[in-house]
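Trainee: Using the sequences and the hints given, assemble the complete structure.
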Amino acid sequence: MAQAMGFFTDTTVCIGCKACQVACHQWNGLPAELAQQPTATTPGKALPITGNSYDNTGSFSDVNWRHVKFIEKSAHPDRSDLAWLMMSDVCKHCVNAPCLEVCPTGAILRTEFDSVYIQQSACNGCRACVSACPFGVIHMGGTENAGQGTAKKCTLCYDRLQNGLQPACAAACPTASIQFGLIEDLKARAQKRVVALKAAGQTQAWLYGADERILGGLNAFYLLVDEPETYGLPRNPQLPSRSVRASSLVSIGSAILMGLAALVSFRRRGEEHD
Amino acid sequence: MTHSTVAPGWEWWVVWYFFLGGLAAGLYFIAALIELVGSERDREMAQVSYYLAFPLALVCGVLLILDLGRPERFWHMLIQSETGRLMFKYWSPISVGAWTLTVFGGLAFLSFIGVLAEHGRAGLGRFRGLVRTLHSGPVGVGFSLLCAGVGFFVASYTGVLLTASNQPFWSDTRLIGGLFLASAAATSTALMLLLRLLWAAPASLVRLQRVNSWALGLELLLLVSFLLSLGALATPLLQSSHGMMLIVVTGLLGLVLPLMLRLVRGPSTWVTVLSCLLVLLGGFEMRYSILMVAQHLVVAGR
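Chains as they are written, first to last, in this note's numbering: chain A, 1 to 274; chain B, 1001 to 1302.
Be aware that a few hints might be false.
[Unchecked claim] Partial pick of chain A residues on the chain B-facing surface, computed with a CB cut under 8 angstroms: (1) A75; (2) P134; (3) L233; (4) P234; (5) N236; (6) L263.
What the hints contain is simulated information worked out from the structure, not anything from laboratory work.
Model, not experiment: these values are computed from the prediction.
Note that CB positions come from ideal geometry on N, CA and C, so glycine has one too.
Mentor: Take a look at the structure:
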């Protein structure tokens, strides 16, 4: 297997230009999509603007495999101290991937680049991966162009990697916020960047997903300057299998109790004359 | 802000599968337990259950296939589409569930055919002796144990499948599998009691009611434990319409009221009919609420 490859996203230099989103759409032939901000009364209704800062896509979707977040931070009610955090989000290509763990068809597999890839011809649309992903990355294809009824997400431009190219989003990023390369090289580069930022006074800089604490490591990890929740990232995402043993034991206990109930109830032969 | 998780969109097909699958599995394991420990009088009740379990299992299979994004690829759950090899992941509840449901369908079919043979229907009467042989001795005990085990699994794995996720509510408890199993026992015995009244099937009423009451008690205990196990998430659940329905329709109408009616009014016909209908309603509502609340209620982390 080739060495693990992936993304280091330095959110401190993201300018929110969305070139990565455009490049992703262009290379992968994904159609444009108006923002979808479901409400309680109009679930799935498409609106022309999100009303959420300069975010015009709102979230990941079957055709938005990258999503540039515009996070507005303000401690004052009059928002006079408004500041933006920007972050180009993508599939994390987890080392221990929840989606890959639960997929019952084998459609989700790990490539020679250590990325997580959904084989469209094998996916049958059961949506277990959607339920398992702690980052909300995977969506079901709902349009003909995107391929109907199967799970969709970033492929880490598998076709480009096979031909010696870097992913389209990283190639398009004008500020090197999205950097692509060997994971080990990226980690070393990211550590240096954190040290430099701290020396420059940005003491909150840290790396999310660069070590093994989060799902064994993320092959798309981030330099953040705030808590993960601020960026809409889970603090401590877990594998779905963490609950199987305990849940199974509870089920077995319930089965034993019902078996005993049947034994006590049905074995008293001849007592009732109904 | 983008939510951390996305709802899988398991809606009405899955709600009905969870309910009917629970009924099929419950009917099957109760019938298998009757075969194991019950008297000859109770066997007729088991036979009625076998008549129902197989058609219900078939309906469940159809519901699950219809829920897929690509229904024509349902067989990918069992066979790798690219290699033709068996597809099985023992660590994935949905994979194990797909296989066990297939085995369950096969066993339910055998039991269905067996009852037809015992009753001399569909030209299968000549196999009556063979069926009786298979139902007796160590072979019969082994077969019934297998059937009960598979029935228990089908009744509970759907709950384990929900907890093996990263969805709010589902992944915050370990009790949904046990809750679904107790509900399967409660709803299936309720259905058996109703059929006993309608078809005037023989003498299992008191014993069946006893099992039903045990199941209701266990389900009530697990429902309360489920709510407690959610911790801080119990508050948004209880403030939602799904949570209110869970408490009122499942907890009060579907569990507490049937138990109270039996205690206060005794086992009269109207009490049996009313309590069984309420138990079935509560069992359906419980699955509906648990499935929908995680997918429709906006909470922190979603």
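Trainee: Each of the hints needs a verdict: does it hold here or not?
Mentor: Hint check results:
1. A75: violated (17 angstroms)
2. P134: holds (4 angstroms)
3. L233: holds (7 angstroms)
4. P234: holds (5 angstroms)
5. N236: violated (11 angstroms)
6. L263: holds (5 angstroms)
The structure fails to meet hints 1 and 5 from the earlier list, while all remaining hints are met.
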